[in-house]
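Student: Quick note on the numbering used here: the sequence shown kicks off at 1 and runs consecutively.
Mixed in with the good hints, there may be bad ones.
What the hints assert, rightly or not - Derived pair list, reagent style BS3-like, types lysine-lysine, alpha-carbon separation capped at 25 Å:
1) K187 / K286
2) K209 / K166
3) K187 / K166
4) K279 / K187
5) K279 / K248
6) K122 / K209
7) K286 / K460
8) K462 / K392
9) K162 / K122
10) K187 / K264
11) K462 / K169
12) K122 / K170
13) K19 / K146
14) K187 / K169
15) K279 / K122
16) K141 / K209
17) K187 / K162
18) K209 / K187
19) K367 / K383
20) K122 / K141
21) K162 / K209
22) K244 / K279
23) K141 / K162
24) K187 / K122
25) K244 / K286
26) K122 / K169
27) K141 / K169
28) K279 / K146
29) K166 / K146
30) K146 / K170
31) K122 / K146
32) K162 / K146
Claimed, not checked - Pair by pair, the computed Cβ-Cβ distance ranges are:
33) L443 / P252: 30 to 38 Å
34) A235 / E206: 14 to 22 Å
35) R387 / P15: 53 to 61 Å
36) A368 / L154: 53 to 61 Å
37) A218 / P252: 21 to 29 Å
38) P15 / P252: 26 to 34 Å
39) S88 / K187: 35 to 43 Å
40) L443 / Y237: 31 to 39 Å
Because the hints were derived from the structure by calculation, they are not lab data.
Heads up, the beta-carbon is just placed ideally off N, CA and C, and yes, glycines get one too.
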Amino acid sequence: MWCLCCLYSGEPQNPVELKANSWIQSSLCYLLSFFGLGYQDTDINNFISTLGFTSADYYSKLLENVVLSLVTELSRSHRCNSQQSISSRVTSMSFLCIPLITLPDVTPLLESLLSYYDDGSKEVLHSLFLERVNEAILEEKISLPKSVVMQLWLRHLPSLEKAVLKYIKKLITSQPSSVQEMVCLIKGSLLYQATCHPAIFRTTDEILKNVLLETDGAPEVMIVMQVFTQCFVQAYYESNEQCKFPLKAYFPHHPHSLVMALLKQPSDLTGHGLHQHLKCIAEILKTVEARGIRSCDDLFDTWFLFVHFGEWADTAAEQLLVSPAESSDAFLWLLAFYYNPSNENQQRTETMVEARSVYDQLIVLSKASAISITDLQTIFNSKINVRQPGTKQLLMHLIISFLLFTHNGNTISREFANLAVRDNNIAEITGLLIRLSNRISQLGVRYQRILALANDLLQKLKCGL
Numbered sequence: 001m002w003c004l005c006c007l008y009s010g011e012p013q014n015p016v017e018l019k020a021n022s023w024i025q026s027s028l029c030y031l032l033s034f035f036g037l038g039y040q041d042t043d044i045n046n047f048i049s050t051l052g053f054t055s056a057d058y059y060s061k062l063l064e065n066v067v068l069s070l071v072t073e074l075s076r077s078h079r080c081n082s083q084q085s086i087s088s089r090v091t092s093m094s095f096l097c098i099p100l101i102t103l104p105d106v107t108p109l110l111e112s113l114l115s116y117y118d119d120g121s122k123e124v125l126h127s128l129f130l131e132r133v134n135e136a137i138l139e140e141k142i143s144l145p146k147s148v149v150m151q152l153w154l155r156h157l158p159s160l161e162k163a164v165l166k167y168i169k170k171l172i173t174s175q176p177s178s179v180q181e182m183v184c185l186i187k188g189s190l191l192y193q194a195t196c197h198p199a200i201f202r203t204t205d206e207i208l209k210n211v212l213l214e215t216d217g218a219p220e221v222m223i224v225m226q227v228f229t230q231c232f233v234q235a236y237y238e239s240n241e242q243c244k245f246p247l248k249a250y251f252p253h254h255p256h257s258l259v260m261a262l263l264k265q266p267s268d269l270t271g272h273g274l275h276q277h278l279k280c281i282a283e284i285l286k287t288v289e290a291r292g293i294r295s296c297d298d299l300f301d302t303w304f305l306f307v308h309f310g311e312w313a314d315t316a317a318e319q320l321l322v323s324p325a326e327s328s329d330a331f332l333w334l335l336a337f338y339y340n341p342s343n344e345n346q347q348r349t350e351t352m353v354e355a356r357s358v359y360d361q362l363i364v365l366s367k368a369s370a371i372s373i374t375d376l377q378t379i380f381n382s383k384i385n386v387r388q389p390g391t392k393q394l395l396m397h398l399i400i401s402f403l404l405f406t407h408n409g410n411t412i413s414r415e416f417a418n419l420a421v422r423d424n425n426i427a428e429i430t431g432l433l434i435r436l437s438n439r440i441s442q443l444g445v446r447y448q449r450i451l452a453l454a455n456d457l458l459q460k461l462k463c464g465l
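When you get a sec, could you build the whole thing from the sequences and use the hints?
Tutor: Encoded structure:
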């Protein structure tokens with residue numbers, strides 16, 4: 001049986017390997033049945049016929065009974081004195097199950113194995129078994145309860161990492177047309193359901209952080225992370241579970257005051273209260289930065305937390321254009337921190353100077369009696385040679401907010417979309433519009449006109465691709 005398992009191909013590449021896998025699977029089912037019941041009778045087929053069964057029906061029922069027997073054995077194993085021999089048997093059992101993973105009759109045994117723990121420090125289940133079960137789950141070849149999948153990912157980090165990376169790739173390559181569509185994809189996934197456990201949430205978060213670093217803060221990765229966080233927060237507050245984990249378990253290394261400030265919904269605040277909350281977030285971030293100025297890791301972790309809740313950066317940009325006030329310095333600082341967290345070589349200071357310059361010009365345009373696309377193009381072209389990528393993204397964020405949230409901006413927004421298509425700035429602007437339209441959709445009826453405009457601009461840009 002062990003040799004047959006070694007011959008089984010986890011990823012068959014041709015019809016011959018597929019046929020070999022099928023034969024190995026059938027042979028193992030046959031052997032497992034007799035192994036479980038201990039039959040050695042060479043005339044067993046005559047016995048089966050006498051009972052009135054076909055061989056296929058008999059072996060299927062026999063396999064079902066053997067699986068039930070093994071499940072019962074696992075559930076009683078903790079009462080056994082010889083724990084070492086039991087652990088060795090469980091390891092062998094898990095390896096022998098590898099070719100049978102996709103058989104429905106074996107599912108109860110998979111669930112029992114994945115829920116089994118002994119008292120030792122080493123993993124008792126065969127690593128190849130854990131890998132193959134994970135692959136079968138991700139490829140939707142088997143369906144296991146959420147609690148069992150969580151056990152798999154908690155006990156086998158490579159499986160969780162593979163699930164997260166595949167999931168991120170799926171969300172990015174599927175190119176959802178809206179955040180709402182992405183939300184549906186997220187909420188329909190096992191990974192989303194499993195992140196209710198703090199250990200899985202933190203590991204998933206760490207993997208997302210590494211992906212963000214490797215892609216130099218790619219906007220598509222940031223929006224996946226932000227929407228995933230929104231879904232998690234919503235599920236956390238809507239959960240009625242009595243034994244709910246405290247929020248500190250999910251964000252253990254960040255100041256509680258910052259976490260709680262970011263967890264508030266911008267749509268729940270208005271006017272002066274919203275301005276004060278934005279200023280409060282800016283002050284907390286500045287304080288954290290001042291305390292951790294000697295550690296780049298601490299600064300990055302603080303920025304990474306802020307990026308999770310990117311709607312606060314979007315809100316700051318909106319408020320700068322909707323209600324210019326004495327808070328503009330704090331709001332511009334939030335945007336500068338979001339797009340350029342490091343102030344090494346005065347990078348963020350330079351970003352603030354450029355942002356202030358563009359912002360002041362946009363305010364002048366918003367108050368003019370009438371403007372043309374040339375006016376906005378002049379501002380845009382004056383900053384075309386800005387070196388810092390983060391600064392360019394911030395300036396574009398301000399310009400798009402101007403187009404959406406001011407009357408004069410509305411009048412030239414469609415002309416700007418045509419320019420974006422011509423200058424090949426579609427990808428960056430589309431990602432920003434998708435994110436902003438999601439936030440606008442949460443602001444109620446009085447923002448419906450702005451939402452319609454954002455969606456119209458998105459359609460124009462997509463037609464230009």
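Student: State for each hint whether it applies.
Tutor: Each hint tested on the structure:
no.: 1; hint: K187 / K286; result: violated (34 Å)
no.: 2; hint: K209 / K166; result: holds (15 Å)
no.: 3; hint: K187 / K166; result: holds (16 Å)
no.: 4; hint: K279 / K187; result: violated (33 Å)
no.: 5; hint: K279 / K248; result: holds (23 Å)
no.: 6; hint: K122 / K209; result: violated (29 Å)
no.: 7; hint: K286 / K460; result: violated (39 Å)
no.: 8; hint: K462 / K392; result: holds (22 Å)
no.: 9; hint: K162 / K122; result: holds (21 Å)
no.: 10; hint: K187 / K264; result: holds (21 Å)
no.: 11; hint: K462 / K169; result: holds (21 Å)
no.: 12; hint: K122 / K170; result: violated (33 Å)
no.: 13; hint: K19 / K146; result: violated (32 Å)
no.: 14; hint: K187 / K169; result: holds (16 Å)
no.: 15; hint: K279 / K122; result: violated (50 Å)
no.: 16; hint: K141 / K209; result: violated (30 Å)
no.: 17; hint: K187 / K162; result: holds (19 Å)
no.: 18; hint: K209 / K187; result: holds (21 Å)
no.: 19; hint: K367 / K383; result: holds (22 Å)
no.: 20; hint: K122 / K141; result: violated (28 Å)
no.: 21; hint: K162 / K209; result: holds (15 Å)
no.: 22; hint: K244 / K279; result: violated (31 Å)
no.: 23; hint: K141 / K162; result: holds (16 Å)
no.: 24; hint: K187 / K122; result: violated (34 Å)
no.: 25; hint: K244 / K286; result: violated (32 Å)
no.: 26; hint: K122 / K169; result: violated (32 Å)
no.: 27; hint: K141 / K169; result: holds (19 Å)
no.: 28; hint: K279 / K146; result: violated (41 Å)
no.: 29; hint: K166 / K146; result: holds (18 Å)
no.: 30; hint: K146 / K170; result: holds (20 Å)
no.: 31; hint: K122 / K146; result: holds (24 Å)
no.: 32; hint: K162 / K146; result: holds (17 Å)
no.: 33; hint: L443 / P252: 30 to 38 Å; result: holds (32 Å)
no.: 34; hint: A235 / E206: 14 to 22 Å; result: holds (20 Å)
no.: 35; hint: R387 / P15: 53 to 61 Å; result: holds (56 Å)
no.: 36; hint: A368 / L154: 53 to 61 Å; result: holds (59 Å)
no.: 37; hint: A218 / P252: 21 to 29 Å; result: holds (27 Å)
no.: 38; hint: P15 / P252: 26 to 34 Å; result: violated (51 Å)
no.: 39; hint: S88 / K187: 35 to 43 Å; result: holds (42 Å)
no.: 40; hint: L443 / Y237: 31 to 39 Å; result: violated (19 Å)
The structure fails hints 1, 4, 6, 7, 12, 13, 15, 16, 20, 22, 24, 25, 26, 28, 38 and 40 (numbered hints given earlier, in ascending order).
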